[in-house]
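Colleague: Listed below are the residues making up each chain.
Protein chains: 2
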Amino acid sequence: MSNSRPRPPSDTPPKAVIHRLSLYLRELQHLIRDGSETTSSTQLGRLLGLTDAQVRKDLAHFGQFGYPGIGYRCGELVQEIKCILGTNQAWPVAIVGMGHLGQALVGYRGFEQQGFQVTVAFDIDPDKTGRTMHGVEVHHLSAIERVAREQSIRLAILAVPAAAAQEVAEVIIAAGIEGVLNFAPVTLTLPETVHRVGVDLAMELEQLSFAVVNRTQKS
Amino acid sequence: MSNSRPRPPSDTPPKAVIHRLSLYLRELQHLIRDGSETTSSTQLGRLLGLTDAQVRKDLAHFGQFGYPGIGYRCGELVQEIKCILGTNQAWPVAIVGMGHLGQALVGYRGFEQQGFQVTVAFDIDPDKTGRTMHGVEVHHLSAIERVAREQSIRLAILAVPAAAAQEVAEVIIAAGIEGVLNFAPVTLTLPETVHRVGVDLAMELEQLSFAVVNRTQKS
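Protein chains in written order, with our numbering: chain F, 1 to 219; chain P, 1 to 219.
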């Protein structure tokens, strides 16, 4: 990146730190919505169950954002984090696999709220390709290199069956896609240069099972 | 809970700590798969970008799990965390809303790997109710109280359109469901006694956009 934000020369922070940037971003967005102008590492830490030292350490990977006697300015820190995450720009995203999951994700409004827009989809089923589904054109997977280049698409959501995930991932990587969000519960073997994130929906259910088995503590 | 695991008398830890229990659990499962028998707060912290102090503090909410000079026994800590999360037992789960997302989630293998089984579904569309879709019986939503009681279902995945989410959530809560995993990007207003977790898929895309905009740092 070539913006002027100071960035310490350290190595890339661990993925979990980047994930916590998203958590900080959401909490800051909530704080702003609720009328707060400033916050602190203590408050952010309390909201997320982290020590204030951990909050400061996480943010220090990316620069110096606080003000003595004030703390963090919420709106400013939101912009800084978006800049770090790259979501200060809009991202066109492709969905690969227009089965039930792909079709559900086309209409998922949570993406657009954070700057991601599903602009195109791919499949290999002749009943789907060449059509517009949920407002998005579905191309044959064989066209992905051309379409991705034309639309400057660098991120793709892989929504194909688990058995096909590795093979299809290799096709889209060969087409120049740089980041893959993989919904299949399989680990993809891809070149180190390609970024991939797996979605683990069971973690969310674990939050619930915890809450339900421990509910007697609350009452 | 009535098991004999020692539990400190502290108040309920923050949700983010429970989320990190899931992260610890996955890392421990990976370590075991890779042949490790023991680990340490330093190693777990390094894998997740947390200080070792944060790891120890997180786990200390639930008891004392390490051994002097050894650290944590991976298999034992997996069982302890499953016990804390409640996933040492199997959970039957209902899906409410059998549109594209619901149908995709019925077949999602990531749930079963962690002890959750989708056993029943609900919808209000007469083209869907009374049928078996993807191996799961689809009942009319009006039957949820009876079916949930018969099948001892306490957790539900809400996969309905955003505009219907609040209304349907109230129906399933009235039927006795205690925990709701909500895929709609809306905040549900529910009684405090009901646990709800929202799924924010944009966070995963933010991991990717970060990685892609920062990839030049790697090379």
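Watch out, some of these pointers could steer you wrong.
The list treats identical chains as interchangeable, and a pair is accepted whether it falls inside one copy or across any two copies.
Unchecked claim - Straight-line distance between alpha carbons at most 30 Å, and here's what the computed DSS-like set of lysine-lysine pairs gives:
id : residue 1 : residue 2
1  : Lys57     : Lys128
2  : Lys82     : Lys15
3  : Lys15     : Lys128
4  : Lys82     : Lys128
5  : Lys15     : Lys57
No wet-lab data here; the hints were simulated from the structure. Keep in mind that this is a model prediction, so the values were computed, not measured.
Colleague: Hint compliance check: list the failing hint numbers for this structure, sorted ascending.
Modeller: Going through the list in order, the structure violates hints 1, 3 and 4 and respects the others.
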